[in-house]
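Heads up, the sequence shown is in the UniProt record's numbering, so the first residue is 1 and it goes up one at a time.
Please keep in mind that the hints were generated in silico from the structure rather than gathered at the bench.
There's no promise every hint is true.
Claimed, not checked - When the alpha-carbon atoms are kept at most 35 Å apart in a straight line, the in silico DSBU-like pairs for lysine-lysine are as follows:
1. Lys60 - Lys132
2. Lys60 - Lys111
3. Lys132 - Lys111
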Amino acid sequence: MLPTLHRNENWFKITRPIVDRIPFDRTSSGYTLTELLTILLVMGILAAIAIPSYLALTQKAACMAGQKDIIGLCWLERPKPGSCHVASKDCSFPRPGVRPGNVYRAPKTTKGIGGFYLSVVSPNASAVVHYKTYSCVGEAVTEQGIRPLESSLTDNVYLDTRINYIPFSQGTCSFEFSVLNKAISDGNRIHFMMNFNVLQ
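With these hints in hand, go ahead and build the complete structure from the sequences.
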């Protein structure tokens, strides 16, 4: 037999919400706005340092790879005009176009370098090359000099007559040079073709 309900009994008992009955630690409520901003600031600083460094390392690796490939591009037996005429922004050597006074440094090779050819292509005027050679041991300066260059040479004159060929002494493994043209006083580019022979 069912019990009788009295009017003073609460049939629908109102209880607290279920969420309120779950234990909750209010001390671990998350990060504050200051902490989030601090983390973002640190991450931004790290990114500002790391990204340029990474880009510089990748560019340096590309430059080193280009310098290693230059030796394969230059002739070993029969000279080929323009085979080292490599166009690049700032990495590979050599590259066409130089303002007066800029210096190019050849990649070092352990086989030695016999000398190099240099022919001015533009402007159509003679120029002067300043060069300096370095020894294979210790990279000490072995010789330096100034030579006039004739311009607009054909391939045959460039190779057969060896007019613009500058020989190096034995034991030279790297060199640098700059091309100057007195007709260029406004800083315009001097275009030239350059090649050097690696000894066997």
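The hints, checked one at a time:
{"no.": "1", "hint": "Lys60 - Lys132", "in the structure": "holds, 25 Å"}
{"no.": "2", "hint": "Lys60 - Lys111", "in the structure": "holds, 24 Å"}
{"no.": "3", "hint": "Lys132 - Lys111", "in the structure": "holds, 18 Å"}
Consistency note: the structure conflicts with none of the earlier hints.
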